[in-house]
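K.L.:
Each chain is listed here by its residues.
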Amino acid sequence: MTPQTVPSAIPTDLASGRGFKVRQYSICLKGILFRESLRFLNQRERFISSLVRPLLWLFVFAAGFRQVLGVSIIPPYKTYVLYEVYITPGLCGMILLFSGMQSSLSMVYDREMGNMRTLLVSPFPRWFLLVSKLLAGVAVSTMQVYAFLVIALFWGVRPPWVGYLLILPALFLSGMMLCSLGMLLSSIIKQLENFAGIMNFVIFPMYFASPALYPLWRIQESSPLLHKICLANPFTYAVELIRFALYGQIDWGSLMIVTAFTALFLGGAILAYNPSNGFLRRRQITGGNA
Amino acid sequence: MLFAQEDAMQDVKSNDEVSVPPALDVSAVGHCFGRKQVLSDISFSIAPGHFTVLLGLNGAGKTTLFSLISHLYDTRQGAIHIFGHDISREPGEALRRLGIVFQARTLDLDLSVYQNLSYHASLHGIGHAQALERIRTLLAQVNMSDRLYDKARSLSGGQMRRIEIARALLHRPPLLLLDEATVGLDIQSRAEILAMIRDLVVTDGISVFWATHLIDEVESNDDVVVLDKGRVLAQGRVSDVVRSAGSDNIRQAFASLTGLVSVLPEGACL
Chain B
1 MTPQTVPSAI PTDLASGRGF KVRQYSICLK GILFRESLRF LNQRERFISS
51 LVRPLLWLFV FAAGFRQVLG VSIIPPYKTY VLYEVYITPG LCGMILLFSG
101 MQSSLSMVYD REMGNMRTLL VSPFPRWFLL VSKLLAGVAV STMQVYAFLV
151 IALFWGVRPP WVGYLLILPA LFLSGMMLCS LGMLLSSIIK QLENFAGIMN
201 FVIFPMYFAS PALYPLWRIQ ESSPLLHKIC LANPFTYAVE LIRFALYGQI
251 DWGSLMIVTA FTALFLGGAI LAYNPSNGFL RRRQITGGNA
Chain E
1 MLFAQEDAMQ DVKSNDEVSV PPALDVSAVG HCFGRKQVLS DISFSIAPGH
51 FTVLLGLNGA GKTTLFSLIS HLYDTRQGAI HIFGHDISRE PGEALRRLGI
101 VFQARTLDLD LSVYQNLSYH ASLHGIGHAQ ALERIRTLLA QVNMSDRLYD
151 KARSLSGGQM RRIEIARALL HRPPLLLLDE ATVGLDIQSR AEILAMIRDL
201 VVTDGISVFW ATHLIDEVES NDDVVVLDKG RVLAQGRVSD VVRSAGSDNI
251 RQAFASLTGL VSVLPEGACL
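First to last, the protein sequences are chains B and E. Okay, so the first sequence: first residue is 1 according to our numbering, each after it adds one. Okay, so the second sequence: first residue is 1 according to our numbering, each after it adds one.
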């Protein structure tokens, strides 16, 4: 590469030197958060459907099963609780689970439509861009959970006020774990049309094989095998972390397991993320616009 | 002038001659999809402040090459330097110097023009106030000032392209890549966009790498890289390429180099 001598009159932003300052990282993160929030607000149907699903479970399923399923006194509860009170933390987890998969679907869509390319050609490190994108997804999910909890409040689900504060880090961590899992899946899945099928294979087993709907001891009584599956399911620990946090306690075991799974899924997602997967690559292989 | 004076490049010394590496240096680059080699031994460089055309038919490998230059794909064979920064080793420094207009439309249709541009500014660490000032200036430059708060969805294809060009220039890159930027546009929009980009080279000294399969977009004083089936067939000044191909013009030279002479009917246009 031979340096050339030319009259240089190129005004650029490069006067600030190499790399970026912390303030610029913050601007980038805020920009990604703001864009995801705008997209979410522009898609009102998405917001409504994200609330309708858990509310249906709360209003219809829980109301029907409250007479059938009694819940004994188990931590973090200090008294007998109604079934709708028991399943509320699981429904918060359900919102995070669906939302995590939804945002990864949005990443597959963005990758297919090209919007992801505008993100990935940013000069910020790729891991930072992907983590920012995940954080934006978690922020959106957290807003949905709080909206659900406000409605649940009028349905008689009244955790202590401190629970509303303590649940925030639990939601954040669980949301990161589930969004990272979604991103990992979106890295593996090469076609948009396959994603819905994969979601069914992930969301429903994760949700049903967890203490979201029934306490683990009840599951153990009915099926020891299912109990073992529940114990191997990371969503189990996310639900328990949320449940304890909502009642002002910390379940340290769940906290450690959720943190470990978050690190595992996040690391895997960042390593596996390859923009040459998916539609872009498929078109090129078939001899499209190479 | 498109850009404000206070943002002068760090190594600019007015009226001085300074030594700068090539705007883009591609050296022995190859790329495979599975077992299929789609680019082989691609080498060329682009001088700062030049308009260089990457000329090739559909399937020649233009978009793959752009994906490698923009770090969307990892460069596994060869090396790519942007103003001396290796895209594999210093992607951040290289990408800071690069503005890209993709072939496919990449505006978020649900957001306004301002929100799209503001989002891009944040992806380059540009604060709100500075971004707004630049957005206004650039929209005036591309004659789109009156569409600042309109949804991207409401724009025509040519207008979207103008916005994408403004977006690519927002962080003031010294090198601009445009991948088939005029595809799908009417004749007037094509001419206007091409003239606007050529103007940037003259007035702002930006280096432009313009990928196209439309031979009438090449001018006699341009630099050209002819790409076919993943290989560089010719490169240099258009006049040199025409002369070395033993042709009268770039159209004939391209047809001759790519073997199209034998398949095109007489008088057919590329």
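Don't take each hint at face value.
[Claimed, not checked] Take a look, some chain B residues computed to stay more than 12 Å from chain E by CB distance:
| # | residue |
| --- | --- |
| 1 | S26 |
| 2 | L29 |
| 3 | F34 |
| 4 | I48 |
| 5 | I73 |
| 6 | G114 |
| 7 | L120 |
| 8 | F128 |
| 9 | L129 |
| 10 | M143 |
| 11 | G156 |
| 12 | V162 |
| 13 | P169 |
| 14 | V202 |
| 15 | S222 |
| 16 | K228 |
[As the list claims (entries may be wrong)] Computed Cβ-Cβ distance ranges for the label pairs, DEER-style:
| # | chain 1 | residue 1 | chain 2 | residue 2 | range |
| --- | --- | --- | --- | --- | --- |
| 17 | B | W252 | E | Q130 | 42 to 48 Å |
| 18 | B | P169 | E | K36 | 46 to 52 Å |
| 19 | B | N42 | E | C32 | 24 to 30 Å |
| 20 | B | Q43 | E | Q130 | 39 to 45 Å |
| 21 | B | P169 | E | G34 | 42 to 48 Å |
| 22 | B | G114 | E | R76 | 55 to 61 Å |
| 23 | E | D150 | B | A147 | 39 to 45 Å |
| 24 | E | T203 | B | A139 | 57 to 63 Å |
It should be emphasised that the hints constitute simulated quantities derived from the structure, not laboratory data. All residues carry an ideal CB built from backbone N, CA and C; glycine is no exception.
K.L.:
Run every hint past the structure and note whether it holds.
P.N.:
To see whether the hints hold, each was checked on the structure:
| no. | hint | in the structure |
| --- | --- | --- |
| 1 | S26 | violated (9 Å) |
| 2 | L29 | violated (8 Å) |
| 3 | F34 | violated (8 Å) |
| 4 | I48 | holds (17 Å) |
| 5 | I73 | holds (49 Å) |
| 6 | G114 | violated (4 Å) |
| 7 | L120 | violated (6 Å) |
| 8 | F128 | violated (10 Å) |
| 9 | L129 | violated (8 Å) |
| 10 | M143 | holds (18 Å) |
| 11 | G156 | holds (38 Å) |
| 12 | V162 | holds (35 Å) |
| 13 | P169 | holds (26 Å) |
| 14 | V202 | holds (27 Å) |
| 15 | S222 | holds (47 Å) |
| 16 | K228 | holds (40 Å) |
| 17 | B:W252 <-> E:Q130: 42 to 48 Å | holds (46 Å) |
| 18 | B:P169 <-> E:K36: 46 to 52 Å | holds (48 Å) |
| 19 | B:N42 <-> E:C32: 24 to 30 Å | violated (40 Å) |
| 20 | B:Q43 <-> E:Q130: 39 to 45 Å | violated (30 Å) |
| 21 | B:P169 <-> E:G34: 42 to 48 Å | holds (44 Å) |
| 22 | B:G114 <-> E:R76: 55 to 61 Å | violated (23 Å) |
| 23 | E:D150 <-> B:A147: 39 to 45 Å | violated (30 Å) |
| 24 | E:T203 <-> B:A139: 57 to 63 Å | violated (42 Å) |
In this structure, the hints that do not hold are numbers 1, 2, 3, 6, 7, 8, 9, 19, 20, 22, 23, 24, in rising order.
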